[in-house]
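A.B. asks: Knowing the structure of chain S, use the given hints to seat chain G on it.
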Amino acid sequence: MLDDFMTRATLAGVGVAFAAAPLGCFVVWRRMAYFGDATAHAAILGVALSLTFQMSVFTGALAVALIMALTVTLLAGRGYAMDTLLGVLAHSALAFGLVAVSFLSGVRIDLMAYLFGDILAVSRSDLLVIWGGAALVVALIAWRWSQLLTATLNEELAYASGYDPKREQLILTLSLAVTVAVAIKVVGVLLIAAMLIIPAAAARSLAKSPETMALIAAAIGAFSAVAGLRAAYVFDTPAGPSIVCVAAVVFACFSLIGWQTRSRT
Amino acid sequence: MTLITVENLSVRYGANTVLRHVDMAIEPGEIVTIVGPNGSGKTSLLRAIIGATKPSVGNVSLKPGLKLGYVPQKLHIDPTLPISVERFMRLTNPVSRKQCMEALESAGVPDLLKRQMSQLSGGQFQRVLLARALINRPDVLLLDEATQGLDQPGSAAFYRQIEDVRRDTGCAILMISHELHVVMSASDRVICLNGHVCCEGSPAVVASAPEYRALFGTGTGGALALYRHDHDHDHDNCDHSQEAAE
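Chains S and G supply the protein sequences, listed in that same order.
Numbering follows this note's numbering, with no gaps: position 204 of the first sequence is 204.
Offset between the second sequence (1-based) and this note's numbering: plus 1000.
I should point out that these hints are in silico values taken from the structure, not numbers from a laboratory.
Every residue gets a Cβ at the ideal spot worked out from N, C-alpha and C, and that includes glycine.
Among the hints, erroneous ones may be present.
Computed list of chain G residues with no C-beta within reach of chain S, every gap over 12 Å [unchecked claim]: (1) Gly1058; (2) Pro1138; (3) Cys1199; (4) Ala1209.
Heads up, simulated EDC-like pairs for lysine to aspartate or glutamate below, C-alpha to C-alpha not over 20 Å straight-line [unchecked claim]: (5) Lys1067(G) <-> Glu211(S); (6) Lys208(S) <-> Glu1086(G); (7) Lys1074(G) <-> Glu1145(G); (8) Lys1067(G) <-> Glu1211(G); (9) Lys1054(G) <-> Glu168(S); (10) Lys1114(G) <-> Glu211(S); (11) Lys1074(G) <-> Glu155(S); (12) Lys208(S) <-> Asp1111(G); (13) Lys208(S) <-> Asp1078(G); (14) Lys1067(G) <-> Glu155(S); (15) Lys1054(G) <-> Asp164(S).
Pulled out of the complex, with its shape left as it was, chain S reads as follows (with noise of 0.2 Å):
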């Protein structure tokens, strides 16, 4: 069954879904879509080094998300407002990555593959490091449900019920830069963060617990991956964009019935 590329393809869009579905409805409610895109756009960086020391892509932009998604957590609220502290180290990571892969001449790489994914050429060993990289992530967010939600509602709060909210933002970062790492072969770096983003927002108008929202948003982004991928194979576009336009139609529609539905009552 895995001989199949497109059989690989589905399974690689699919889990990649599923890490992103909880992960994307936190970063909607804590407003932070640009950190998503920071940490994406750093990838490119750590992809040029894998490449430059012969090291698994994987490892590599694990490592550079990491440190930058843990950059960005230090610097926070000392002088710059967040938004220009993202945009600056966002785009500085990408261009910083796009230099140093130029420097490869010895290896002929696919640029694009990286920054638009490249979902078609899945392996069936890329395909355990993506759902080995899903499950940690949903086994993480699952098990910290409720103190991320009571740190996400209010610092002061989750402090007085015992809990660290630094330590709860922590394992977000962490599982923001698992989920980027193994999203690369999927949807590549300028892509990533609509995964998270996309889903989430459309379950949005249709759920009425944090827990439905972020069932929804699975089911949203695995629907996303499947269909996307058959309209690639039939119109012949590129897979991963074609993944996000569909995440992207099934938005629309969503917030249109949401926004009927509510002008009604």
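C.D. replies: What follows is chain G alone, placed relative to chain S:
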């Protein structure tokens, strides 16, 4: 046994010292109010007590096993986060639905259980926060300007609720407030803070202390008198809404 002991507490943010050598204690069942101008370190003191801010000097010790109930100054829930009142109340507390309903009822807001938090009015929201803080039967209830955003009748009702809580559960209460006249009257003890403890004692003592008058002026002495006036005779035959209209 003393519930909360603060010894020689100093808090610094960078080069800025917001609290210097603060000593205070909370005993079981008492209502203590912290008053002070903006930037006097009231919120920092409360944050140090819940462990959100590390003291740079001194320490805060809680009685072992002490349960805290906390009502934040404001709680902004992002509109993208769908959460019902019930889910919110049970988030950090292992309580049953029945306990939630009872807590809401005694906070004066029954029937809100299934409502979304984002649909509540300001007054309902504060009462849900209070119900949530009380659901675990805390030993100390901490309130940080909990009536911000409520109108005068709303905050008066809220403070009556606090007095009922103390009467019914014997829970100690530590609150920060800027509504001097209401708060001063409801407290057993007032601590006047301005980076350090300026003066403390019963409301009457603090209101006449020169340190307090230096901070708030003598006008607030009148506010305290206003309260006394409110309670030394009754208003049963008096329609305030009509008075206001005139």
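A.B. asks: Evaluate each hint against the coordinates.
C.D. replies: Hint-by-hint comparison with the structure:
With a cut of 12 Å on Cβ distances, Gly1058(G) stays outside the contact zone with chain S, its closest approach being about 18 Å. Its closest Cβ contact with chain S, about 9 Å, brings Pro1138(G) to no more than 12 Å, contrary to its assignment away from the interface. Under the 12 Å C-beta cut-off, the non-interface status given to Cys1199(G) relative to chain S holds; the minimum distance is some 27 Å. The beta carbon of Ala1209(G) is kept farther than 12 Å from every beta carbon of chain S, the shortest such distance being approximately 30 Å.
Between Lys1067(G) and Glu211(S), the direct Cα distance comes to roughly 28 Å. Violation of the 20 Å bound is thereby established for this hinted pair. Distance hint between Lys208(S) and Glu1086(G) is fulfilled; the C-alpha atoms sit about 12 Å from each other, no more than 20 Å. Taking the CA atoms of Lys1074(G) and Glu1145(G), the gap is about 8 Å. The hint holds against a cut of 20 Å. A hinted pair counts as satisfied when its Cα atoms are at most 20 Å apart, and Lys1067(G) with Glu1211(G) does not qualify at roughly 34 Å.
Of the pairs offered as hints, the one joining Lys1054(G) and Glu168(S) holds, with about 18 Å between alpha carbons and a cut-off of 20 Å not exceeded. Restraint check for Lys1114(G) and Glu211(S): the C-alpha separation of about 15 Å stays at or below 20 Å, so the hint holds. Taken as a hint, the Lys1074(G) and Glu155(S) pair is honoured in the structure, with Cα atoms around 11 Å apart against an allowance of 20 Å. Distance hint between Lys208(S) and Asp1111(G) is fulfilled; the C-alpha atoms sit about 17 Å from each other, no more than 20 Å.
Among the hinted pairs, Lys208(S) with Asp1078(G) is consistent with the structure: their alpha-carbon atoms are about 14 Å apart, no more than 20 Å. A threshold of 20 Å between alpha carbons decides the hint, and for Lys1067(G) with Glu155(S) the separation of about 18 Å falls inside it, so the pair holds. Taken as a hint, the Lys1054(G) and Asp164(S) pair is honoured in the structure, with Cα atoms around 12 Å apart against an allowance of 20 Å.
Checked against the numbered hints given earlier, this structure breaks hints 2, 5, 8; the rest are met.
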